[in-house]
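Colleague: Listed below are the residues making up each chain.
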Amino acid sequence: MAARLLSRFSARPELRIVVKPELRGVVNFSAAAPATLSDFDVQHKTPVVRKQHLVPKAHYGGRHAVTMLQGGGIGPECMGYVRDIFKYIGAPIDFEIVHIDPNVDNDEDVKYAITTIKRNGVCLKGNIETKSEAAYVTSRNVALRNELDMYAYVMHCKSFPGVDTRHRDIDIHIVRQNTEGEYAMLEHESVHGVIESMKVVTASNSERVARFAFEFAKKHGRKKVTTIHKANIMKLSDGLFLETSKRIAKEYPDIEHNDMIIDNCCMQLVAKPHQFDVMLMTNLYGSIVSNLVCGLMGGAGLHSGRNYGDHYAVFEPGTRNTGTAIAGKNIANPIAMINASVDMLEHLGHHFHADLIRKSVDKTINVDKIMTPDIGGTASSTDVVKAIIDNIDLYMKNKVSFH
Amino acid sequence: MSLLNRNVCRALMQGSYLVHAHKGVHTTAVKADKNQSSSTEGRIKCTLIPGDGVGPELVYSVQEVFKAANIPVDFESFFFSEVNPTLSAPLEDVVNSIARNKCCIKGILATPDFSHTGELQTLNMKLRNALDLYANVVHVKSLPNVKCRHHDVDCIIIREQTEGEYSALEHESVPGVVECLKIITAAKSERIAKFAFDYAIKMGRKKVTSVHKANIMKLGDGLFLRSCEEISKLYPRLQFEKMIVDNASMQFVSNPNQFDVVVTPNLYGNIVDNLASGLVGGAGVVAGASYSAECAVFEQGARHIFSGAVGKNIANPTAMLLCSANLLAHINLHPYSKMLKNAINKVLTDGKVRTKDLGGQSTTKDFTNAVIHCLHDH
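In the order they appear, the protein sequences are chains V and F.
Going by the numbering used here, the residue at position 114 of the first sequence is 114; the numbering climbs one at a time, nothing skipped.
Going by the numbering used here, the residue at position 184 of the second sequence is 587; the numbering climbs one at a time, nothing skipped.
Quick caveat, the hints were computed from the structure, so don't treat them as lab data.
Be aware that one or more of the hints could be misleading.
[As the list claims (entries may be wrong)] 25 angstroms max Cα-Cα, derived DSS-like pairs, lysine-lysine:
1) F/744 to V/57
2) F/605 to V/118
3) V/111 to F/610
4) V/250 to V/235
5) F/585 to F/621
6) V/87 to F/741
7) F/741 to F/529
8) F/759 to F/544
9) V/118 to F/609
10) V/87 to F/636
11) V/359 to V/369
12) F/470 to F/749
13) F/749 to V/118
14) V/158 to V/224
15) V/111 to F/609
16) F/448 to F/529
17) F/768 to F/550
18) F/609 to V/57
19) F/544 to V/57
20) V/118 to F/744
21) F/744 to V/87
22) F/605 to V/87
23) V/57 to F/529
24) V/57 to F/636
25) V/386 to V/397
26) F/529 to F/544
Computed from a prediction, not measured in an experiment: that's the story for all the values here.
Please model the complete structure; the sequences and the hints are all you need to start from.
Modeller: Structural data, given as structure tokens:
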């Protein structure tokens, strides 16, 4: 028995070359472990900072459990479309749906939602409404990001050729620090009539996000990283962010690094957006720039964003708009949420399903030109989803085998 | 020496699986139009292990039903047996097939009562360990028209099945004294606890009961219990309770309706599985499944080969058919799964066709045909 296995093993010398040494321990864990690890697996196996007690993965019999936070406004309807599509293609995902009541002042639902993300590791979310204006109630979206320590936010802004816009062929990745800076939520009235809001920049978080941006650029074969800042005014805080990114850049000699001041950056973006590749910035600038870039290429309804921490990943529509005004009218653009779900499938390593949906979405918008009114079409949300499902059908019929 | 051999062997085998392990996909067009030629549709491959005893008869019944319902699943069949080692397919072939297909339907494997060769691991255990099938799920549910002492039993028993008493580490330290090592690890205990809670969430259950014997085995079962407690904190909306295994057995036979999801270490799970199966009609009607991170193996809940019935055409195929329905749900063929479950329910509700274990005189074949007949009614 042993001899036979030994000969099998030695007959395949390439085995030892294929498996990267740092992955060997992981892969050897069981026969059922995939030869290539998905981002989800890598993230789960390599916690870097803030040691937390890792709970076992929610991955059973090839299926992943994922938290779904529907959010307010158009969230629930868009999630419905995503579930329809997932059901149609048989994506191996089990959604755990958590409802958050926007009218309740206490944070119990949000806490529960955070707990479910901690145990599932992955979440697909709409934008959660925080109805309360009271000072002691913090934004639920911010609370979620801070509690899960999701320090990096990535948005891939790529033009859809089928959408008529002023600029064509834009392809920018925005990497944004997601947990500190202006969003530190430390505001106080020191004397009557004078309010101070603290912007917090830390070396450790700046380093994490800078490293994330360069690793990201390296992994996706990008050429340039641009740090966006306002270090000419905020010499210490933004200065620290800039210095850190310059220091990290030295470790990546293959990737070009430059920096730009935020006001100039906005002007350059609307005038000559093609000069940008990967953009790295602090929290507030990221919020502004990502909305600006989305506006350049068709609005809030197209692009998806990804929040990454060391252990968790949350996927959402890119510009974080609730869309309350158009909820229930069947005109909301479902593409952003569908793109977020594709990102999620890719993160979990279900590339087949991700590619299938992505191709179908591309064809629906760029070739068939079935679009909602916000990007110049006349179709309703359900029409778009139906067109996407028809295209999925088309791609599936043309393939004999899925393996 | 034999121990060393075994370990070397295992390490090498795990190495050799790497080449074959890759991400499979479970896909299908849900609205599959049955009139279209099947060559353009995505058909799903599934490993099939008929097993020993009445296994092949039951598996044949499943294949008949699948054929009649035109279900887009292709079986990759392996003769795999411990009682007939010369004809058996090599373990690595079977493991590779399951790792590739991600799903398997399996009859029961017979195991000799004691070891003749010094080999302590049974074939079942080898398969589980090779694929890391750590979680066994048995859904004990009262079926319509199956006469039992208890009604409306509906509980899910989840069992860790890769460590504990099944470690296959036994030795005779001095003549007449045999030691068997029961291994409990925090990692595997947490993993099974997480599985149980996640399964409860997925199935919309309310309560998880951890069955243990930590009052006697304070360290081993204590660790298991602590791990369950730790994981339960992540599930504030599920009720968590603990119960000692002897009490749990008593509660099961006197008031089984109090149980919802039960999570246990290896041996207790094995006993509780069988006990609970007995409550709702025996080994012939209870379906189970084993899960690893990547694969799912569907098999009967109570593992009995029923060798007395071999060739007599009297075994009850209900459990195996329910397993196959669960398999269909797992690979996203929900409409087919529902169709099959409805058909089985209808046959049982009608009560005209019953196998011997349910008090009737019908044969396995009769039952299978009745199910096929009901498929077409829908």
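Colleague: Take the hints in turn and mark each one as holding or not.
Modeller: Status of each hint after checking the structure:
1. F/744 to V/57: Given pair residue 744 of chain F, residue 57 of chain V is violated - Cα atoms ~30 angstroms apart, limit 25 angstroms.
2. F/605 to V/118: holds, 16 angstroms
3. V/111 to F/610: holds, 20 angstroms
4. V/250 to V/235: Holds - the C-alpha atoms of residue 235 of chain V and residue 250 of chain V are around 21 angstroms apart, at most 25 angstroms.
5. F/585 to F/621: holds, 13 angstroms
6. V/87 to F/741: Cα-Cα ~15 angstroms, so holds.
7. F/741 to F/529: violated, 33 angstroms
8. F/759 to F/544: holds, 20 angstroms
9. V/118 to F/609: Holds, at roughly 20 angstroms.
10. V/87 to F/636: violated, 31 angstroms
11. V/359 to V/369: holds, 14 angstroms
12. F/470 to F/749: holds, 19 angstroms
13. F/749 to V/118: Roughly 42 angstroms separates the two Cα atoms, so the pair is violated.
14. V/158 to V/224: holds, 16 angstroms
15. V/111 to F/609: holds, 19 angstroms
16. F/448 to F/529: Distance ~23 angstroms between residue 448 of chain F and residue 529 of chain F Cα, so the pair holds.
17. F/768 to F/550: holds, 22 angstroms
18. F/609 to V/57: The given pair, whose Cα atoms are some 21 angstroms apart, holds under the 25 angstroms limit.
19. F/544 to V/57: Violated - the C-alpha atoms of residue 57 of chain V and residue 544 of chain F are around 28 angstroms apart, more than 25 angstroms.
20. V/118 to F/744: violated, 35 angstroms
21. F/744 to V/87: Holds, at about 20 angstroms.
22. F/605 to V/87: holds, 16 angstroms
23. V/57 to F/529: Given that 25 angstroms is the threshold and the Cα spacing comes to 24 angstroms, the pair holds.
24. V/57 to F/636: holds, 16 angstroms
25. V/386 to V/397: Holds, because 16 angstroms separates the two Cα atoms, which is no more than 25 angstroms.
26. F/529 to F/544: violated, 29 angstroms
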